[in-house]
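Asks: Please take these sequences and the hints and turn them into a complete structure.
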Amino acid sequence: MSRPRSLVLITVDCLRADHSGFLGYPRPTTPFLDSLAAESLIFRNTIAAGVPTYYSFPAIMAGRYPLALGRDVIGLAPGEPTLASVLHDAGYATGAFIAANPYLSARFGYAAGFEKFEDFLTAERGTAHGKRAEGGVGTRLNASLMKFAGRLGPLGGLYDELYFRYGMWRANRTEATLDELRPYPAANILIEGAVKWLQEVAGRPFFLWLHFMDTHLPFYPGQAAQNDLGVPGVSLSRMQFLNGYWNRKGIARQRLRRYREEIIGLYDCSIRWVDAQVGQFVGALRTAGIWQNCVLALTADHGEEFLEHGDRFHSAGNLHDELTRVPLLLRLPTGAKREIEGPFSTLHLPATLLQALEVPAPPEFRGGSSLAKILDGGDGQDAAVTEGLARATNPQRAEAELHSRVLGVRERRYRIVFDFRTRHESLYDLQNDPQELRPLPAGTETIVRRRLLERCRQHMDEAEHRRDPQARMNLLLDDLRFSSGSRS
Amino acid sequence: MTEDSRELRLPEELCRAAQERYGARYGGLEPFLEFVLRQLLRDDAARMDEAEQKIIEERLKDLGYI
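If you read the sequences in order, they're chains A and B.
Be aware that the first sequence starts at 1093, since it is given in our numbering, and climbs by one per residue.
Be aware that the second sequence starts at 3, since it is given in our numbering, and climbs by one per residue.
Among the clues, some could well be false.
Reference listing, derived: stretches of chain B covered by chain A, where coverage requires no fewer than 3 residues with Cβ under 8 Å from a Cβ of chain A [as the list claims (entries may be wrong)]:
hint	region
1	8-15
2	37-46
3	56-68
Since the hints were made in silico from the structure, they are not lab data.
Please read these numbers as outputs of a predicted model, since none were measured by experiment.
For every residue, glycine included, the Cβ atom is placed at its ideal position computed from N, Cα and C.
Replies: Here you go:
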């Protein structure tokens, strides 16, 4: 390699593999990426090492499992080698544009190694979304009425529905634009910043990380994306209603199901929008004469659940494919094209990207690269591990820190999920039960069950022996500095 | 020095700076330092990891795999 290659890493929050056109989704959500797939490595079974974002990114950026430094800390440790720090030390210009995801901010160590780090975390964004009558007499009166109506059976549900619709009507009386409704900056805003930055660092090899949030609730895709996808035009007020309804707490699943397909429609349109923006960005790289020497990787931190297992969003305890299977497209300047079927853990992504750049990976990276083997016709790994803490909905709260682990091992055909709270496993045959709805009965598939449980044990053994006490201490000290107010 | 405590010597300028910055919030330098050490030494997470390692082994034994 005569001139160092540059790297663009695009991570798309909540992007499911099975909603990506180049991975077989029947709706045309990703026509640009589909065309790029024709000259790329496509990893068909990429599995996130953790769910959600704060458990997924230690693998993507630092090649380690999310609980490797202890379950009571999150984020990257000061001094921990990351993709950015390694490339920065190798002389790369490093820039990141993160669409206002607080778990990917400097507070949690993600700015380390980046010369330019724009996280768009400002107070003004997204205040128009989902405004309800908050506080005051209205809310107290509503709470009292809810209690009363709850004693009258179905009347409670009816009253709740009517109050919700009243709240949405009040919120929607003021006109708002899409940008005002989005709590995150849209992909085109990040790209604008990135293109400007690339002009500033022209002539240097660079590492650029873009993290898009357009496919994260609430979904506000523009009309163009809706038209392109052939989805009947959804008005702004209807989008507000759907997003508000889907986000409601304490609501029965049957009521949510009424709007499931419409919400998925908005989600798919958001993917289409992101796809178009990626196309625009690659066009800009071509115009700048940068593209031919660029490695581009596009993936996601995790997927999104739409009631497949009775829940919404992306909770830490769900290790099924709708959350853990993410797209991975890796475009090399050589245009090498292959489809890799075997499981590929995101744990191995940073080492793989470094190998594509011919930069050595640090020994601290737990994952390794098999890029050379893959380019030679080999497949992915045998199994991919995902770990998290069940019911850890807000890891910044002390009571969430010490939940039990859930551990998943995914092979090409089977997945096991071990719940340490119940001390039992669920084993799924993905060939005969791709939706993972029917765990195999206890006592069946004993050879597979044993193999996957042994893999779980191996993971736990390695977790204990490979803990880096210095990195853990650095992270604890960083948490202390933050909580004591000496670092914001 | 009582039986359950220890006297330490630390640079005066370090103590003064820590007292100024954290003393009010933590009720003094000694409580602040005690808080920091307790945080750094907490091992609930490690004990849970060890317990979970045993849980997996017990499950494998229960199934007759080991």
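Asks: State for each hint whether it applies.
Replies: We went through each hint and held it up to the structure:
| no. | hint | verdict |
| --- | --- | --- |
| 1 | 8-15 | violated (count 0) |
| 2 | 37-46 | holds (count 5) |
| 3 | 56-68 | holds (count 8) |
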